[in-house]
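> Here is how the chains run, residue by residue.
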Amino acid sequence: MFVWGSLLYFRIYTPPANAMNIYVVGKQWMWKVEHPGGQHEINALHVPTGRPIQLTIISQDVFHSFSIPAFRVKREAIPGRFTSVWFQATMPGTYHLFCTQYCGTNHSQMIGDVVVMTPDDYKKWLRESTSGESLAQDGERLFASLSCNACHNTRPDARGPNLANVYNSQLTLTSGLAITADDAFLREAILNPSQHITQGYAPIMPTYQGQISEEGVIALVEYIKNLNSDYRIQQTLNTTDIVPENEGKAAPTTPAPAGQKEVKP
Amino acid sequence: MSEATVVSLPDQSTARIPKMNFITKENGLLSWLLTGDHKRIATLYLVSITFFFFIGASLAALIRLELLTPQTSLMAADTYNKVFTMHGVIMVFLFLVPSVPATIGNFVIPMMVGAKDLALPKINLLSWYLYVIAGIMVIYTMAAGGVDTGWTFTTPLSTHYLNTHVITTGLAIFVAGFSSIFTGLNFIVTIHKMRCPGMTWFRLPLFVWSTYAASLLMVLGTPVLAITLVLVVLERLFHIGVFDPAFGGDPLLFQHLFWFYSHPAVYIMILPGMAVISEVVSTFSRKRVFGYTAVAFSSVAIAIFAFFVWAHHMFIMGISNYASLVFSLLTMLVAVPSAIKIFNWTFTMYKGSITFETPMLYAIGFMGLFTIGGLTGVFLGSTGTDIHLTETYFIVAHFHFVMVGGMLMAFLSGIHFWWPKWTGRMYPEKISQFAAVTTFIGFNFTFFPQFILGMLGMPRRYAAYPPEFQALNVFSTAGATILGVGYMLPLLYLTWSLKFGKIAGNNPWQATGLEWQTQSPPLTENFVETPIMDHEAYDYEWLEQQQQKEVASV
Numbered sequence: 000m001f002v003w004g005s006l007l008y009f010r011i012y013t014p015p016a017n018a019m020n021i022y023v024v025g026k027q028w029m030w031k032v033e034h035p036g037g038q039h040e041i042n043a044l045h046v047p048t049g050r051p052i053q054l055t056i057i058s059q060d061v062f063h064s065f066s067i068p069a070f071r072v073k074r075e076a077i078p079g080r081f082t083s084v085w086f087q088a089t090m091p092g093t094y095h096l097f098c099t100q101y102c103g104t105n106h107s108q109m110i111g112d113v114v115v116m117t118p119d120d121y122k123k124w125l126r127e128s129t130s131g132e133s134l135a136q137d138g139e140r141l142f143a144s145l146s147c148n149a150c151h152n153t154r155p156d157a158r159g160p161n162l163a164n165v166y167n168s169q170l171t172l173t174s175g176l177a178i179t180a181d182d183a184f185l186r187e188a189i190l191n192p193s194q195h196i197t198q199g200y201a202p203i204m205p206t207y208q209g210q211i212s213e214e215g216v217i218a219l220v221e222y223i224k225n226l227n228s229d230y231r232i233q234q235t236l237n238t239t240d241i242v243p244e245n246e247g248k249a250a251p252t253t254p255a256p257a258g259q260k261e262v263k264p
Numbered sequence: 000m001s002e003a004t005v006v007s008l009p010d011q012s013t014a015r016i017p018k019m020n021f022i023t024k025e026n027g028l029l030s031w032l033l034t035g036d037h038k039r040i041a042t043l044y045l046v047s048i049t050f051f052f053f054i055g056a057s058l059a060a061l062i063r064l065e066l067l068t069p070q071t072s073l074m075a076a077d078t079y080n081k082v083f084t085m086h087g088v089i090m091v092f093l094f095l096v097p098s099v100p101a102t103i104g105n106f107v108i109p110m111m112v113g114a115k116d117l118a119l120p121k122i123n124l125l126s127w128y129l130y131v132i133a134g135i136m137v138i139y140t141m142a143a144g145g146v147d148t149g150w151t152f153t154t155p156l157s158t159h160y161l162n163t164h165v166i167t168t169g170l171a172i173f174v175a176g177f178s179s180i181f182t183g184l185n186f187i188v189t190i191h192k193m194r195c196p197g198m199t200w201f202r203l204p205l206f207v208w209s210t211y212a213a214s215l216l217m218v219l220g221t222p223v224l225a226i227t228l229v230l231v232v233l234e235r236l237f238h239i240g241v242f243d244p245a246f247g248g249d250p251l252l253f254q255h256l257f258w259f260y261s262h263p264a265v266y267i268m269i270l271p272g273m274a275v276i277s278e279v280v281s282t283f284s285r286k287r288v289f290g291y292t293a294v295a296f297s298s299v300a301i302a303i304f305a306f307f308v309w310a311h312h313m314f315i316m317g318i319s320n321y322a323s324l325v326f327s328l329l330t331m332l333v334a335v336p337s338a339i340k341i342f343n344w345t346f347t348m349y350k351g352s353i354t355f356e357t358p359m360l361y362a363i364g365f366m367g368l369f370t371i372g373g374l375t376g377v378f379l380g381s382t383g384t385d386i387h388l389t390e391t392y393f394i395v396a397h398f399h400f401v402m403v404g405g406m407l408m409a410f411l412s413g414i415h416f417w418w419p420k421w422t423g424r425m426y427p428e429k430i431s432q433f434a435a436v437t438t439f440i441g442f443n444f445t446f447f448p449q450f451i452l453g454m455l456g457m458p459r460r461y462a463a464y465p466p467e468f469q470a471l472n473v474f475s476t477a478g479a480t481i482l483g484v485g486y487m488l489p490l491l492y493l494t495w496s497l498k499f500g501k502i503a504g505n506n507p508w509q510a511t512g513l514e515w516q517t518q519s520p521p522l523t524e525n526f527v528e529t530p531i532m533d534h535e536a537y538d539y540e541w542l543e544q545q546q547q548k549e550v551a552s553v
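Quick note, the sequences are listed as chains V and H, same order. Counting along the first sequence from 1, when you hit position 259 you're at 258 in numbering that gives the first Met the number 0, and nothing is skipped either side. Counting along the second sequence from 1, when you hit position 197 you're at 196 in numbering that gives the first Met the number 0, and nothing is skipped either side.
Read the hints as simulated data drawn from the structure, not as lab findings. Do not rely on the hints blindly, as some may be mistaken.
Calculated lysine to any residue pairs in the SDA-like style (CA-CA distance at most 20 Å, straight line) [claimed, not checked]:
{"hint": "1", "chain 1": "V", "residue 1": "LYS123", "chain 2": "V", "residue 2": "ASN152"}
{"hint": "2", "chain 1": "V", "residue 1": "LYS26", "chain 2": "H", "residue 2": "GLY27"}
{"hint": "3", "chain 1": "H", "residue 1": "LYS501", "chain 2": "H", "residue 2": "TYR160"}
{"hint": "4", "chain 1": "H", "residue 1": "LYS115", "chain 2": "H", "residue 2": "LEU522"}
{"hint": "5", "chain 1": "V", "residue 1": "LYS31", "chain 2": "V", "residue 2": "GLY111"}
{"hint": "6", "chain 1": "V", "residue 1": "LYS26", "chain 2": "H", "residue 2": "SER552"}
{"hint": "7", "chain 1": "V", "residue 1": "LYS26", "chain 2": "H", "residue 2": "LEU522"}
{"hint": "8", "chain 1": "H", "residue 1": "LYS429", "chain 2": "H", "residue 2": "GLY485"}
{"hint": "9", "chain 1": "V", "residue 1": "LYS26", "chain 2": "H", "residue 2": "GLY317"}
{"hint": "10", "chain 1": "H", "residue 1": "LYS498", "chain 2": "H", "residue 2": "ASN26"}
{"hint": "11", "chain 1": "V", "residue 1": "LYS26", "chain 2": "H", "residue 2": "LYS501"}
{"hint": "12", "chain 1": "V", "residue 1": "LYS122", "chain 2": "V", "residue 2": "GLN53"}
{"hint": "13", "chain 1": "H", "residue 1": "LYS498", "chain 2": "H", "residue 2": "LYS115"}
{"hint": "14", "chain 1": "H", "residue 1": "LYS501", "chain 2": "H", "residue 2": "ILE440"}
{"hint": "15", "chain 1": "V", "residue 1": "LYS26", "chain 2": "H", "residue 2": "ASP249"}
{"hint": "16", "chain 1": "V", "residue 1": "LYS31", "chain 2": "V", "residue 2": "GLY159"}
{"hint": "17", "chain 1": "H", "residue 1": "LYS498", "chain 2": "H", "residue 2": "MET425"}
{"hint": "18", "chain 1": "H", "residue 1": "LYS498", "chain 2": "H", "residue 2": "VAL5"}
{"hint": "19", "chain 1": "V", "residue 1": "LYS26", "chain 2": "V", "residue 2": "ASP112"}
{"hint": "20", "chain 1": "H", "residue 1": "LYS115", "chain 2": "H", "residue 2": "MET532"}
{"hint": "21", "chain 1": "H", "residue 1": "LYS115", "chain 2": "H", "residue 2": "ASP533"}
{"hint": "22", "chain 1": "H", "residue 1": "LYS286", "chain 2": "H", "residue 2": "GLU540"}
{"hint": "23", "chain 1": "V", "residue 1": "LYS26", "chain 2": "H", "residue 2": "ALA76"}
{"hint": "24", "chain 1": "V", "residue 1": "LYS26", "chain 2": "H", "residue 2": "PHE246"}
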């Protein structure tokens with residue numbers, strides 16, 4: 000019984016590599032869902048059948064807990080920390096979505112629907128409900144407007160590390176600690192940079208704690224995750240001046256902004 | 000019910016309550032309020048605990064009424080949140096934790112070990128006063144508008160996001176914690192130092208062993224809760240940044256600290272319940288408890304394991320998968336000593352001369368309900384199933400099966416069992432048997448549907464819920480009504496029996512414990528002369544010989 004239970008547990012909390020990642024932010028008292036293609040939903044989650052879906056969950060205020068009883072998944076949404084869970088839906092339909100950790104007055108109103116669609120319906124839904132910008136593009140805009148690129152540029156004399164391909168790479172911090180740059184690390188490095196200085200760089204980065212919302216951080220993280228070449232960053236630099244109108248300009252290298260079908264981390 | 004009975008009452012026409020006993024020794028309010036006598040303090044506890052039990056129970060009734068309909072029809076969501084919080088706080092900290100140890104334990108432990116009183120009578124009185132102060136603070140909180148954190152005080156909700164009376168409640172529990180630390184300390188010292196001649200560790204009644212294990216938990220665990228609550232209060236007042244991520248704190252740290260106490264706390268609650276059951280099962284089966292040493296050490300084993308399982312409350316909270324693995328395994332190990340007890344009690348009953356007086360009915364109820372409660376605990380201890388079941392009504396049902404089905408049944412069993420000793424009078428047997436059966440039926444109607452609700456995924460602490468869950472909730476509320484009747488009855492007939500009950504005599508149950516070898520109600524000094532323990536615990540042959548000797552000498 001113990002072995003069986005533990006195997007299940009490890010399976011539920013270890014997402015497969017090919018999972019589609021969707022971000023979920025819990026706040027008093029709603030669930031905000033951010034799809035990589037830029038679709039935003041409140042108290043609803045649309046997913047296709049037949050694909051592993053990974054949810055990366057965080058809370059903006061207190062503990063919440065993201066629960067879909069029909070899929071047997073539940074994960075705490077913790078302030079200041081990413082958690083994740085995955086599932087693969089098999090039957091189209093509408094299922095309950097609950098907050099199961101007591102979170103204050105309207106705890107019992109923090110419920111919604113998980114809508115499972117066939118892949119074709121899902122594609123259609125993605126097209127119809129896009130906000131016109133992918134999550135990574137949102138992140139790109141933030142990256143520019145917060146002047147991150149003043150330091151994190153690809154120039155040889157840059158004051159900050161080059162962020163191309165930084166996601167999932169091994170870093171050595173000034174403290175000597177070796178660490179993998181995963182979602183959690185990127186988030187911490189943005190909000191609490193002085194504790195996360197990569198070896199060889201000066202601790203000059205200001206903290207962005209309190210300046211960006213959790214959604215903003217997610218957008219930035221998503222953007223950094225998708226930076227796969229120096230060329231990509233330079234393009235960001237070039238669009239800095241024309242931030243408001245940059246829609247579509249970064250399109251060639253932003254992964255699949257139009258089809259929104261798939262975002263490979 | 001068979002006609003067979005062990006009850007042997009003295010001839011009612013000549014029997015008198017002994018003129019000199021702990022109740023009649025002194026009169027006046029002050030003689031009670033300044034007493035050092037463990038039996039009087041136990042009585043004070045009994046009255047105050049019953050008071051808080053009925054407050055907590057009325058809050059439970061409100062919860063069940065609200066959940067009759069899927070909408071928030073009876074009260075606003077905020078009110079509902081306050082009601083279930085106050086229900087939890089009162090029931091856990093003001094009823095379950097002190098229930099058996101501070102009332103029954105206080106009353107019988109000195110007599111069981113053959114002592115005149117607890118080792119530190121003034122500390123004992125102090126712990127009652129601390130309890131009362133805590134109680135008053137909780138009542139003040141309720142009057143002032145309540146608190147809605149849930150009894151678990153989850154940070155940062157409790158530290159920053161609520162404007163209710165978190166501080167007074169936190170401090171009330173802090174004070175109640177000291178009350179329980181002092182009680183535990185007193186028991187430990189008494190059991191170590193005050194045993195009468197001949198009373199070796201392995202001649203102690205199992206009640207004493209179990210309460211000893213619970214006392215260890217009180218003394219070692221409660222300070223952690225006290226610290227945690229002080230940190231919550233400081234965080235609220237001065238934003239010291241221990242738990243709130245916005246100030247660099249770690250909200251998971253609170254969970255670790257809180258459950259480091261609150262998991263052992265459920266063993267503080269259940270061990271004294273098990274203590275009662277050991278006595279009752281042996282007495283009404285006329286047999287020595289099967290596997291005395293195994294039962295004794297299983298209590299200690301539960302106490303030790305209790306400290307190493309707290310993270311099973313946090314399987315879904317993003318602790319490392321490998322930590323979950325270890326805690327899951329440790330959690331399942333706790334099932335072993337609990338199962339030892341259940342099996343040994345069953346074996347005690349096997350081929351025993353069982354009679355079904357009220358305490359035994361409650362005890363059998365305990366064994367059934369606790370077993371269900373314990374086994375459903377394995378589903379929660381198993382990490383994979385925990386993900387689905389935690390934070391749903393499954394948890395609520397599991398907890399109530401163990402705490403209400405287990406602990407409350409044991410408390411009522413113990414109250415009925417020692418009532419003749421306490422007051423010198425019998426409770427009315429037939430109606431109390433009826434009450435015991437009513438409680439059992441009502442309990443199952445109330446909480447069994449909640450297991451199913453949990454399996455279906457209904458989250459707990461919801462003032463409103465999706466309509467498809469209504470049928471089972473109606474079921475549960477209906478059961479709660481029956482349960483309510485089951486709890487009101489003892490209050491009424493026990494009060495009635497204070498004046499009109501039959502005279503009980505020294506040993507109506509023909510039980511073997513030292514407390515039954517003295518008059519009822521006992522003298523303030525318990526025994527006329529210091530008893531000498533010259534036989535093993537639960538030695539019914541010894542008891543028979545004693546009686547024959549008495550007959551011979553008369």
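> Now, for every hint given, state plainly whether the structure supports it.
Against the structure, the hints come out as follows:
1. V:LYS123 / V:ASN152: violated, 37 Å
2. V:LYS26 / H:GLY27: Cα-Cα ~58 Å, so violated.
3. H:LYS501 / H:TYR160: It is violated: about 57 Å lies between the C-alpha atoms, which goes past 20 Å.
4. H:LYS115 / H:LEU522: holds, 9 Å
5. V:LYS31 / V:GLY111: Holds, at roughly 10 Å.
6. V:LYS26 / H:SER552: Violated, at about 80 Å.
7. V:LYS26 / H:LEU522: Violated - the C-alpha atoms of LEU522 (chain H) and LYS26 (chain V) are around 62 Å apart, more than 20 Å.
8. H:LYS429 / H:GLY485: At roughly 14 Å apart (the allowed maximum being 20 Å), GLY485 (chain H) and LYS429 (chain H) satisfy the hint.
9. V:LYS26 / H:GLY317: holds, 18 Å
10. H:LYS498 / H:ASN26: holds, 18 Å
11. V:LYS26 / H:LYS501: violated, 62 Å
12. V:LYS122 / V:GLN53: With a Cα-Cα distance of about 18 Å, the restraint between LYS122 (chain V) and GLN53 (chain V) holds, given a limit of 20 Å.
13. H:LYS498 / H:LYS115: Status violated; Cα separation ~27 Å.
14. H:LYS501 / H:ILE440: violated, 28 Å
15. V:LYS26 / H:ASP249: Holds, because 18 Å separates the two Cα atoms, which is no more than 20 Å.
16. V:LYS31 / V:GLY159: Distance of about 32 Å is beyond 20 Å: violated.
17. H:LYS498 / H:MET425: holds, 10 Å
18. H:LYS498 / H:VAL5: Violated, because 23 Å separates the two Cα atoms, which is more than 20 Å.
19. V:LYS26 / V:ASP112: Status holds; Cα separation ~16 Å.
20. H:LYS115 / H:MET532: holds, 15 Å
21. H:LYS115 / H:ASP533: The given pair, whose Cα atoms are some 18 Å apart, holds under the 20 Å limit.
22. H:LYS286 / H:GLU540: Answer holds: LYS286 (chain H) to GLU540 (chain H) is near 10 Å, not above 20 Å.
23. V:LYS26 / H:ALA76: holds, 17 Å
24. V:LYS26 / H:PHE246: Judged against 20 Å, a Cα distance of about 18 Å means the pair holds.
In terms of the numbered hints stated before, the structure departs from hints 1, 2, 3, 6, 7, 11, 13, 14, 16, 18, listed from lowest to highest.
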